[in-house]
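Colleague: Spelled out, the chains give:
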Amino acid sequence: MDTLKAVTILLVEDDPGDQKLVKKSLDRDKIANDLHIANSGEEALEYLQKSKSGSSNAPMPELILLDLNMPGMGGQEFLKHLKSDDQLDTIPVVILTTSDSDKDVLETFKLHAAGYVKKPGSLSEFKDVMQNISEYWFVICKRVKHASEYTSRDKMCSVSR
Amino acid sequence: MNTSKFLVMFLVEDDPGDQKLVKSALASQEAPIELRIVGNGEEALNYLKQSKDGSMESPRPSLILLDLNMPGMGGKEFLKCIKADEKLNDIPVVVLTTSDSEDDINECYKLHAAGYIQKPANIQELKKIMKETVKYWTTNCPYAKI
Chain C
1 MDTLKAVTIL LVEDDPGDQK LVKKSLDRDK IANDLHIANS GEEALEYLQK SKSGSSNAPM
61 PELILLDLNM PGMGGQEFLK HLKSDDQLDT IPVVILTTSD SDKDVLETFK LHAAGYVKKP
121 GSLSEFKDVM QNISEYWFVI CKRVKHASEY TSRDKMCSVS R
Chain P
1 MNTSKFLVMF LVEDDPGDQK LVKSALASQE APIELRIVGN GEEALNYLKQ SKDGSMESPR
61 PSLILLDLNM PGMGGKEFLK CIKADEKLND IPVVVLTTSD SEDDINECYK LHAAGYIQKP
121 ANIQELKKIM KETVKYWTTN CPYAKI
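Line by line, the protein sequences give chains C and P.
Residue 1 is where the first sequence starts when you use my numbering, and the numbers rise one by one after that.
Residue 1 is where the second sequence starts when you use my numbering, and the numbers rise one by one after that.
Looking at chain C on its own, in the form it has when it is part of the complex (with noise of 0.2 Å):
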């Protein structure tokens, strides 16, 4: 029996219309992803908590994409949190944040982040993003054990006809 998995992603975004686009995009992604949602970094890190815990509605993320700017506690001090836990700081961080200024830059991936990305225009600039990102992590870069095992959106397709 062929045993369909998707990959894990954690978005950390206040912004409602940010959180559609980002889903929006993973949607349609080449690689099958089960997408959760976080409105703060409060929030993620109570949902990682959970997921320390073996909670199955709460799976642990394998890719997590957080916003810097959001309210109470911001993107770099949830960066910060999760890169002193030793459970969670392998979990690759992508940054998606309107800020391009040198400085974000340099501070976040001194807190060790796996990339830094300004968020596209459009929908389709978002896709194409998301696509080289899953790529990147979850085919190229061994985030995900057995890589093999997560099927493209393809596989899916026609093992479900």
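It should be emphasised that the hints constitute simulated quantities derived from the structure, not laboratory data.
Take these hints with a grain of salt, some might be off.
[Stated by the list, open to error] The calculated DSBU-like cross-link candidates involving lysine-lysine, where the alpha carbons are at most 30 Å apart (straight line), are:
#1 P:K119 / C:K30
#2 C:K83 / P:K23
#3 C:K80 / C:K118
#4 C:K119 / C:K23
Since this is a predicted model, take the numbers as computed values, not measurements.
Given chain C's structure and the hints, the job is docking chain P onto it.
Modeller: Relative to the frame of chain C, chain P by itself:
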């Protein structure tokens, strides 16, 4: 005045065959890439410490490709050193190696590698991988200034 911009990449790899492979895979990419190659960890650290943004002789790389299995200072040791250096720890390091041991993979990510790629069997595969990798670090992530 020379206004052409390059993506400065740094390959830390001791095997001459592998050096050739990576060089060839990158030469076929569209992005203007300036590739510097160093055969061991110590030499790599020395280069990096005196490298400077915009220097013609020793430009500071925007991305480092690192082999794990090297004589002398191994890849992991090098990774540890670079991440402990205030002036160098922001440079993304992508591990490019033959090992696919989970221990190696995990350890590299714990040492803050920004990617772990198992060297593919043939040059075609490597070209594809390098294309996506370069695209990721240039088009999408503005850190790799081009």
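Colleague: Now tell me, hint by hint, if it's right for this structure.
Modeller: Consistency of the hints with the structure:
no. : hint           : in the structure
1   : P:K119 / C:K30 : holds, 23 Å
2   : C:K83 / P:K23  : violated, 33 Å
3   : C:K80 / C:K118 : holds, 20 Å
4   : C:K119 / C:K23 : holds, 14 Å
Consistency with the previously given hints fails for number 2 only.
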